[in-house]
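Colleague: Listed below are the residues making up each chain.
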Amino acid sequence: MTRPTLLTLEGLTKAYPGVVANDDVRFSIGEGEIHALLGENGAGKSTLVKMIYGLVKPDKGAMTLRGAPYAPDRPSAARQAGVAMVFQHFSLFEALDVAENIALGMENPPKRRDLAARIRDVSHDYGLPLDPSRLVGELSAGERQRVEIVRCLLQNPKLLIMDEPTSVLTPQEVEILFATLRKLAAEGTAILYISHKLDEIRALCDAATVLRRGRVVGDCIPRDTSARDMAELMVGSVLHVPERRAATPGDVALELRGLDLPAATPFGTSLRDVSLSVRTGAILGVGGVAGNGQDELLAVLSGETLAPPGTLFVDGDDIGALPPPARRHLGVLAAPEERLGHAAAPDMSLVENALLTGQVREGLAPRGLIDWGATRAFADRIIAAFDVRTPGNHVAARALSGGNLQKFVIGREILQSPRVLVVNQPTWGVDAAAAAAIRQALIDLAEGGAAVVVISQDLDELMELADDFAALNGGRLSAPRPTAGLTMDEIGLMMGGAHDMEVAHAAQ
Amino acid sequence: MIALEKRPTPSRAWTVLTPLVAVLATMVAGGLMFAALGKDPFEAIRTIFYDPLFNAQFASYSRPQLLVKAGPLILIAIGLSLGFRAGVWNIGAEGQYIMGALCGAGVGLALYPSDSVLLFPAMVIAGAFGGWAWAMIPAILKTRFNTNEILVSLLLVYVAEQFLASAALGVMRNPEGGGFPGSRNFQQWPAAANPELIAGTGMHWGVVAAFVAVIAAYVLLAKHMLGFQIRLAGTAPRAARFAGVNPARLVVICLGLSGALAGAAGLFEVTGPAGQVSIDFGSGYGFTAIIVAFLGRLHPVGILLAGLLMALTYIGGELAQFMLGIPAAAIQAFQGMLLFFLLAVDVLSNYRIRFGRRRIA
Amino acid sequence: MAGISIDLLLASLMVAATPILFAALGEMIVEKSGVLNLGVEGMMIVGAICGFATAVETGSPTLGFVGAALGGAGLSLVFAFLTQGLLSNQVATGLALTLFGLGFSALIGQGYVGIKPPATPSLDLGSLSDLPFVGRVLFSHDPLVYLGLAMTAAIWAFLRFTRAGLILRAVGESHDAAHALGYKVVRIRTAAILFGGAMAGVGGAYLSLVRVPQWTEGMTAGAGWIALALVVFGAWRPGRVALGAYLFGGITVLQLNLQAAGVAVPVALLSISPYLVTILVLVVMSSDRRRVAMNAPASLGRVFHAAA
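Protein chains in written order, with my numbering: chain A, 1 to 508; chain B, 509 to 869; chain C, 870 to 1177.
Not one of these hints is a red herring.
One-sided and incomplete, this derived list gives chain C residues near chain A with beta-carbon spacing under 8 Å: (1) Glu1042; (2) Ser1043; (3) Ala1046; (4) Gly1051; (5) Arg1159.
Counterexamples of contact, computed for chain A against chain B with all Cβ distances above 10 Å: (6) Gln80; (7) Pro109; (8) Ala203; (9) Val252; (10) Arg376.
Derived by calculation from the structure, the hints in this document are not laboratory data. All C-beta atoms in this analysis are idealised placements derived from N, C-alpha and C, irrespective of residue type, glycine included.
Using the sequences and the hints given, assemble the complete structure.
Modeller: The following block contains the structure:
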């Protein structure tokens, strides 16, 4: 089937100091086509989309939209030309309500009452129920995405750009989203679908363009291409898959018993009756859509938030009242999701960042006086053992790429030989090679006798790593089940199923 | 078109150079201001920056004044800089300075006419305690009730000024002073005086304390875990909590330390250069110290140099007022300008500036 | 409490509240856009002298207030340039503004000490002013008192009903999201900062032209800081900011009257009462962390640098 061409990119190039984000990128999208843009983290996908959406000006190259030259100098120009975008992060305002959020993304929003009515209509037609008067901060991640999608749909876009839309959805919600997108495509709207999840692309997309290091390295018809071939095209080499070992769990090392914890911030999640136990040598995978209590769970395990008495035990001792350094002393270590600003101080050197959590177990500051020599040596050990690519240990953490900093952060904890390690999103935004290395290191750590908790939104990762799987949903943790034999459907139900979404009224 | 581009790692060279650039820029802008006032800009700048140190006629009087003025500025600024680094904004040092002076002087006056050698040390401790206690008000309100310490510490300056006025007119008034406001003169009471230690240098105990504070702060920041935690909490608060820093403890420590140092500075001043508790004792050192702390890039050695420079502008300013009729307010504006320029050029240490137009396809 | 007449007290309350009302409303808009400008005191005092000098030179109080607005806005432009253009620390820059403003105003004000400014006439409200009690309390003031109240209502409507108000709130809520949607964060914030400066300037000039009325160095005496506290007290809502300003005006007027009446309370205690009450109110308002987090603009005080 040939479609009339909607958007053509010709030789788009964009360079930032030290890195060419996009180099001579060219491909085209037909009307009503669902076109995948495929690539690893850092391959240049988001820069490319920003150029199409008018947030970034290309250094070279040209775009054509429906036969006319297209060079948006700002997002509103793109919106006027019929290009809309659903962002992965950063485009909603928590303290404003749904209608206000939607109005902000429109060129000429109607009066509030009319807008609310239109929001209800569109969200009903496409199976995306929304209450216009609710604060966005109170919505789940999936609902927030609906706000973004409805915002786009109200402007009858010709091209809808979706940046990693399924990372915030349960498998059931993904199915519903796909139904919505198929309906849109059938009505003639083209969709540029950005992802690195190959199964999704094979299920949804008509065509795919693969980016690697800013260049187009291939096109394919996803339905006719194996996931393995696409992965190799994307990564450029054959991937090492971490080896799982036969689990030989020991005693229970970490235990939570019926933990209740109210939210500390207005839009935070309260933990409700959370129980779990992890044995030495075992990995517990905690899945769930973002914002269902992951950060709170990590904080209560790391000691940033204290747990009420009688809820948190390590080796049978109640450690709920201990602050982070005392927990580190006992071998309870953690690596939070946000690398810059939480796991590491962006403006401090790698040496100082090594001191940040290494002080207690590595004995880096006897009697409060810092032994900088030993600290530098510790930082160098992390850099060497985890292949952190950096000009030296003196550079600021923010100068490292996401993958390298993540290796540093995980390595910093693993090298302290923890008894219990809790990691949140260990491979988020990390390229495939680094992700494989991090996963292998976590498996090796468990084999060495540590109890490991991996919190992640990447279900494939959890299936690969964990012995047991549990899911967070609205601050509650489901009962853990062995990963072996779990189906996607079962996982989805543990994560909360489809919540209250309904299938798009595609039949109408 | 000018664009800013974040440096991957802050530039060390610019970190050192920015204060110098700021001083030069302030001299140029200040020169323009003096020209606008109808004064010869070159002569004005020379009178402020050169004459106090090298002019044969004035230097013998001015040089000792350098340490007299720089002492309290450095002592207060060192304390403030620790808080500023940790993101704890004590801007009420002026109030802590006044309350330290009142508290220390009060202990002394209560024991008049004691000649114990312990009297002066006891007054110093009382002075530091007074400043500490005054700073504990915003600290406790911050940690217990989450109240903004900037506003509370600042508002307490006005309260302290009222206390000063009523003390000078009331309880602390010299009973032998013939009804004039102001307390007994400590300079005429050896056991309670803070004298010039080496004649002709301006060196008094407050200056000694300032130097000790510089060294202690340097060691704290470079070598001690508490110093690391202070820096960490300022640059990445969430990472600091993850590392195990207790933010409330840090607020109490930083406000307490800066309050105690400001209070001690007030005591050294009231028993030394000022001599007595008087209505106009609050001379703005507590505010100028904020400029000193930033001009010194919150670094102890930088603060030492910045304190000396700022002291020079005070002395040179007085000289310019006397010689050229440049109003005192012009010097105050000049000091404020210095902080502006410093903040403006600060961008260079964290960002690269790119000139030229972005190409559009 | 002999010697204190209630109607005079209430009437002077409105006058006492007006300068901080202007400054606090301006700062509220600035903070709504996500910027913390601690230089209110500096902008007020520069407004006070600019307004005073302009009014004396031209003989027109109206031009005086225009000059004050320009003076305050001019100083705030420096703040905008430093914080928005050069990404400087907002706390430090705000302090610099105050320190510079105090010196700069003293410099300009040298020739104006001891002069009386042209009087600002009361608004002619006809027979309303002749009403018993109410006429004296409410309807015998200068136009600025009513302008302050009108601004309160206008800002309320602006934030609630207009698209520009929505965009302003959005920028203060999340500058990254606003940028991603294509709003010019720096431009919007600069405009808000200039508005805040102009309002603080008018507030300052009200002190030097109407309330006192003469010029003395440092005459704002912390009014700018109290205005900052009022924004917190008012939970970033115009109506409550105005309420706070009137409460504060009431305390100021009451303590002055008590002093004049020679009540047996130490003068120092009366003089510090406005500051103590402000601190007390801050404590009460901020002790509920969750509510503060709900009301305060989420991006307040954070530096915005568009990465690409």
